[in-house]
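So the chains spell out like this:
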Amino acid sequence: MLRATLAAAAVLFAIQGATAEENIVIGLSTPLSGSVAALGQHENWGASLAAKEINEAGGINGKQIQVEAQDNQCNPTQGITSVENLLEKNPIAVIGALCSSVTLAVMPVMERAERPLMVGVATSPIITEQAGVGGNQWTFRINPSDAGLAVALGKYLADKGSIKTIAFVGEDTDYGRGGHSAMAEALKGTGIEIVSADFYKQGTPDFTTVLTRIKTAKPDAVALYATGVDELGFIRQYRGMNIDSLLSGRVSLDELLPVIQAGALEDASSVYPYAVELDTPENKAFVEKFKATYGELPNNQSFQGYESIRVLADALKRSKELTPAALRNALKGTDMTSVTGGTIKFDDHNQAHNLALIMKVKDGVIVIETTSGT
Amino acid sequence: MSVSTPFSTSSDAGVQPRLTWPLVVLSLAGLILLPSIWPSSYVVNVLILAFIFAILATGLNLIFGYTGLLSFGQVGFFGLGAYLYALLTMDGGVSPWLSILLAGIGSGFVALLLGYPALRVSRASFVIVTLSVTLLAALLARNWVEITRGPMGIPRLPAPSIDLLGLGTFSGHDPHVFYYIALAIAVASIGAIYLLVNSPIGRVLRAINLDEPLAASQGISPKKYQIAAFAVAGILSGIAGSLHVSHLGIVDPSIFDPYYSEMLLIIVIVGGPGSFWMVVVSSLVFMAIPELLRMAPELRMVLFGMVLVLAAMLFPTGVGGYFEQRKLAMWRRSLRS
Amino acid sequence: MEFFIQLVINGLMLGMVYALIAIGLSLIFGVLEIVNFAHGHFYMLGATVLAALVTSAGIGFFPSLVIATVAVGVVGYLVYVVLLRHFREGEFDRGIILTIGIGMVLQNGVAYLFGSSSRMVDTSLSFVSWDVAGFFVDAQRTVAVLVGAVAIAALYAVLTFTRIGKAMRAFAQNREAAFIVGIRPAVIAGIAVAIGIALAGLAGAALAPVFAVHPAMGAPILFKVFAIIIIGGLGSLPGALVASLLIGVTESVVGGYSSVALQDAVAFMLMIVVLLAFPAGLFGKGIRV
Chain X
2 MLRATLAAAA VLFAIQGATA EENIVIGLST PLSGSVAALG QHENWGASLA AKEINEAGGI
62 NGKQIQVEAQ DNQCNPTQGI TSVENLLEKN PIAVIGALCS SVTLAVMPVM ERAERPLMVG
122 VATSPIITEQ AGVGGNQWTF RINPSDAGLA VALGKYLADK GSIKTIAFVG EDTDYGRGGH
182 SAMAEALKGT GIEIVSADFY KQGTPDFTTV LTRIKTAKPD AVALYATGVD ELGFIRQYRG
242 MNIDSLLSGR VSLDELLPVI QAGALEDASS VYPYAVELDT PENKAFVEKF KATYGELPNN
302 QSFQGYESIR VLADALKRSK ELTPAALRNA LKGTDMTSVT GGTIKFDDHN QAHNLALIMK
362 VKDGVIVIET TSGT
Chain B
-15 MSVSTPFSTS SDAGVQPRLT WPLVVLSLAG LILLPSIWPS SYVVNVLILA FIFAILATGL
45 NLIFGYTGLL SFGQVGFFGL GAYLYALLTM DGGVSPWLSI LLAGIGSGFV ALLLGYPALR
105 VSRASFVIVT LSVTLLAALL ARNWVEITRG PMGIPRLPAP SIDLLGLGTF SGHDPHVFYY
165 IALAIAVASI GAIYLLVNSP IGRVLRAINL DEPLAASQGI SPKKYQIAAF AVAGILSGIA
225 GSLHVSHLGI VDPSIFDPYY SEMLLIIVIV GGPGSFWMVV VSSLVFMAIP ELLRMAPELR
285 MVLFGMVLVL AAMLFPTGVG GYFEQRKLAM WRRSLRS
Chain D
71 MEFFIQLVIN GLMLGMVYAL IAIGLSLIFG VLEIVNFAHG HFYMLGATVL AALVTSAGIG
131 FFPSLVIATV AVGVVGYLVY VVLLRHFREG EFDRGIILTI GIGMVLQNGV AYLFGSSSRM
191 VDTSLSFVSW DVAGFFVDAQ RTVAVLVGAV AIAALYAVLT FTRIGKAMRA FAQNREAAFI
251 VGIRPAVIAG IAVAIGIALA GLAGAALAPV FAVHPAMGAP ILFKVFAIII IGGLGSLPGA
311 LVASLLIGVT ESVVGGYSSV ALQDAVAFML MIVVLLAFPA GLFGKGIRV
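Residue numbers (the numbering used here), protein chains in the order written: chain X, 2 to 375; chain B, -15 to 321; chain D, 71 to 359.
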């Protein structure tokens, strides 16, 4: 039985090993099954769309880009296996891994394999700390860190003047916990105080208790760091309980359009690295193509997948030869305009500083209030 | 599983030892040579995972297959061992090898403490209590931020290394070196359990599983043996967990992923509870299958669910039990003629 | 004090929801001695069917509620006839393995067919709330609680006054005696499983407009309800009801005065305490009404 399995595995690996010598393979490790599969799917869609556009425009010196996606279930164990699997296909670089813990587990593997790892979604500040002069020369990150976004939001809320107290509610993941530390740091000296912090387990259906507490304490604003089903559930119950506190934080307003159109989230604000509403020609074209291809509006994950491929393609075009080492050197010299209109340039920690967008709900539509660097 | 025991009790104690041992030695030799024949670090990585799951599955087989108690706590102890390893090496300054050992002992000790309330009532409450312990451990890992660093996890964990006199030091961060570390620990711990289940203690465990009141009437105290078996299974889980994160280099709350519990259950059920070697083989097979199903991640779990339904309906004794029944049938036939 | 009373009101409403799920689970355990690990996924199925009926087919909330409950009950009956019926007494582990498999197929099958993103159900009562003597009461939740109370009362009536209900109780207390008085166990067990699973489906359907509907919604609530039926005493229906309300209120109060993280742990910690103090749970065993 063991031998039969190994034989079957051998056949499979042989087939995978033989895929298209001609193409430039770029790996993508992201969750395609499990609780955050929808986010990974969007990153995959974004990356595939960018590759298609570049290939239609002639590819990289005549060679086609081929995106190979592998599921990592947002779990470090599956993360390493998925990257080892991708490395069998001789990729010039790997994009990943959506979740911070998976990214941190994958970084040493890519370092050992001496191929660039392009991080587009994971938010943990430790990733940037360890990259570049931090030791890992192969990791590059294009999305702004938690800290950068929190500083932008803190400044916006402080400038409003009407907000003095904030209740923080976040999921008990690196996203929520990291967001809380970043907010606490960013609000120092602004006169705004975080009066309570709650971290719920992903998949929690009922938020009545924490909302009852907020309704009684009446903070000026609620900072929400939630994703997916939890965010939708929370906002629904928040609305149902007629809470007066303003909603802010990292609210994915784009995915709450029906609620917004119903007038329920008036004056809510949010900070994000991306918004569908961004008024640049590149973004308008991206949104239109994305919707036509996949039937859904792009989100932050699809944007970062799209942008990851664009940044890699830009570096590949400048690269002296098509090797991972040459690509890394080319990435270090990146200076290109993002879809958001910001500039992508890596610092000595291989961290790019794209824009932070502050969005606000005004008269039932989402408007971009300010953009600032991170 | 109560129905399976009449078949499996006569099992690996060696109905056909002549065939079992050469196969075990041959497979082991094959596994030792494999990385030199097939040096892909992807394959090496999948096999490391298989060795770790073989340790974990042997632990569940001991508590479920031999002792008859279905435990969902194994993944909890797996995670506990993983966190103990991380805290001992990072905060305690303990060496990786010693930390693996201490993680095993620590997990076993916690199992010992939990065994008493969990076994106090019925097998149904044992199932639910052990499940809840795993859920509570995950909650603790996520929220006791001061100790566990919460969801950020503890990255940059050291790996054990091998110091060969004269040849220099080989770092366990190299997957090819870690392969042999994992293989050695798997052989040692699975071997120890093999000796245990074939010792007089193992026979007592099976007797309790078959008929608890009868065993009690013979002057055996079933609870003590059951709790001891639960603790030993806890040690195995703790060792597997510490080994696993020393290879990953990071521990975070996803170590308690219910996916692991489901995979572990499938491994033992399909291999056959109470069939020692088939469960070990099943670990290797079921760590390779998800890799073969990489092209269909969404359907994979539906398929695994169906495997469990079919196994429960048609082969409650697993592949091991099926072979056992065939063997018994052949025996009967040869006796008749 | 007002805050405390508000928390207790919230807790009782949440507890009724737990009760609907816990009573079905306890009923199945009482009759078949099987811990139904797929129970939470039938709750998810009820919510998913209702969401499809209301949002896609445009059927009203209350007719959809009835259709969803019956549909899930029929699926439950089929699960009994095709699978569970072949089990003999004492095949406890086999039942768990089977129901875990069913749960995996349900959850991942729904995710595969309908996607894993969440759906929202809007009714005319969505976002309507009342101020009752200064306390906040959500309309949609009140509907769910009333539906739950009616269903539990109906189950009580069935178990107390009908022949089949009496047979179920007799069967749970003493299998051999039930045989002797001429009750066909397969019929009884089949109906008990169908009712138990239909109750889970009803809970899911009634709560679909309150919570987000998605394929993974079954697991967290199932684990909590497991703790509840251990606290109440496996197989005890009044135990399940009382423990549900107890956990609902405790969770609400603990969460209200401390943190959400501790709120999640309450049910499990209480379970371990109860097991140490009352090994058989608060109400012991047996379907009693």
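Quick caveat, the hints were computed from the structure, so don't treat them as lab data. Any given hint might turn out to be false.
Stated by the list, open to error - Covered, in the sense of this in silico footprint (three residues per stretch, anywhere, with C-beta under 8 Å from a C-beta of chain D), are these stretches of chain X: (1) 115 to 124; (2) 194 to 208; (3) 214 to 225; (4) 228 to 237; (5) 241 to 253.
To be verified - To give an idea of the interface, some chain X residues facing chain B are shown, with a C-beta separation under 7 Å as derived from the structure: (6) Thr82; (7) Glu89; (8) Glu112; (9) Pro259.
Model, not experiment: these values are computed from the prediction. Ideal Cβ positions, reconstructed from N, Cα and C, are used throughout, including at glycine.
Taking the hints in turn, this is what the structure says about them:
| no. | hint | verdict |
| --- | --- | --- |
| 1 | 115 to 124 | violated (count 0) |
| 2 | 194 to 208 | holds (count 8) |
| 3 | 214 to 225 | holds (count 3) |
| 4 | 228 to 237 | holds (count 6) |
| 5 | 241 to 253 | holds (count 3) |
| 6 | Thr82 | holds (6 Å) |
| 7 | Glu89 | holds (5 Å) |
| 8 | Glu112 | violated (10 Å) |
| 9 | Pro259 | violated (26 Å) |
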